[in-house]
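> Work out the full structure, taking the sequences as your base and the hints as a guide.
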Amino acid sequence: MKQLPFFTQHALTTVALAAVAFGLSSCAMNTPGGNAKYSTTFDPPAHRPTNPNNVRIKVSTSKQRVYVVEGSRVLLATPCSVGAEHSPTPHGNFTISYKDFNHRRASSPGAGYPMTGWSEFMPAYGLHWGFVKPYPCTHGCIRLPKLAVAKFYALIKVGTPMNVASSQPEDATIGATLPVLDDTTLPDPPDSVLHSQSFFDDFKPKGSLFVD
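Counting with this note's numbering, you get residues 12 to 223 for the letters of the sequence shown.
Please keep in mind that the hints were generated in silico from the structure rather than gathered at the bench. Be careful, since some hints might not be right.
[Unchecked claim] Simulated crosslink set (EDC-like; lysine to aspartate or glutamate; CA at most 20 Å straight-line): (1) Lys-215 / Glu-81; (2) Lys-74 / Asp-212; (3) Lys-48 / Asp-199; (4) Lys-168 / Glu-131; (5) Lys-74 / Glu-96; (6) Lys-168 / Asp-111; (7) Lys-217 / Asp-54; (8) Lys-215 / Asp-111; (9) Lys-168 / Glu-81; (10) Lys-74 / Glu-181; (11) Lys-110 / Glu-131; (12) Lys-110 / Asp-182; (13) Lys-110 / Asp-213; (14) Lys-74 / Asp-54.
On a predicted model such as this, the values are computed, not experimentally measured, just so you know.
This is the structure we're talking about:
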């Protein structure tokens, strides 16, 4: 599914105007109410599972939330963006069938666009990095914030079960504590950045993925 790119640290040294926009995202809220921020700075805690075979993914399309759980324990919770009304994210029970961290869009338009952390649950549908907005905006894929992607990717594997529904029980608990993310105003880096290997390198964790 096509999705728009966002700024990486590499872009800061490539495009001056873009660098200014990204720099603002590190400290400034981008809505008048001050309750929203760019997804580039959202860094959710992730917990190591006791038994990786018991890990599951739960997606709430109405609240735009992704939860990685082990039993009743939430290992990772993050805002996301799901499919728009004309191209909704499929509901139902799925399993992760294919993973590719350095994934790129194969079809046109937009061939070669990075879809970092690609975790496919249906042919041509996956969870991956992308701009996160406070409303459904994708072609059916599920976009994750930059700093959440590597953690999500490490927690799940091919065969991990996944449920997509209009709501999940976690919406009323940890889901209600998550911030509003809005990348609407983030500009795009040039194609030279998007098509470089350094774009993917920028997603590699700089420290431990898990808090425990």
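> Quickly compare the C-alpha distance for Lys-74 and Glu-181 to 20 Å and report which way the hint goes.
Judged against 20 Å, a Cα distance of about 10 Å means the pair holds.
> Does the alpha-carbon distance linking Lys-48 and Asp-199 stay inside the 20 Å limit?
holds (17 Å)
> Is it true that the CA of Lys-74 sits at most 20 Å from the CA of Asp-212?
violated (31 Å)
> Would you check the hint for Lys-217 and Asp-54, treating anything up to 20 Å between C-alpha atoms as holding?
Distance ~12 Å between Lys-217 and Asp-54 Cα, so the pair holds.
> Against the 20 Å threshold, does the CA-CA distance of Lys-215 and Glu-81 hold or violate the hint?
With a Cα-Cα distance of about 24 Å, the restraint between Lys-215 and Glu-81 is violated, given a limit of 20 Å.
> Within a Cα-Cα threshold of 20 Å, do Lys-74 and Glu-96 meet the stated pairing?
Roughly 14 Å between the alpha carbons, so the hint for Lys-74 and Glu-96 holds.
> Are Lys-168 and Asp-111 close enough, with their CA atoms no more than 20 Å apart?
holds (11 Å)
> Sort out whether Glu-131 lies within 20 Å of Lys-168, counting only the CA atoms.
Holds: Lys-168 and Glu-131 sit about 10 Å apart, inside 20 Å.
> Do the alpha carbons of Lys-74 and Asp-54 lie within 20 Å of each other, as the hint requires?
Distance ~19 Å between Lys-74 and Asp-54 Cα, so the pair holds.
> For Lys-168 and Glu-81, compute the direct alpha-carbon distance and say whether it is at most 20 Å.
holds (13 Å)
> Starting from Lys-110, check that the Cα of Asp-182 is at most 20 Å away, please.
Violated: Lys-110 and Asp-182 sit about 27 Å apart, past 20 Å.
> Check whether the Cα positions of Lys-110 and Asp-213 lie no farther apart than 20 Å.
Between Lys-110 and Asp-213 the Cα gap is close to 18 Å, so the pair holds against 20 Å.
Hints 1, 2 and 12, counting from the list given before, are not met by this structure.
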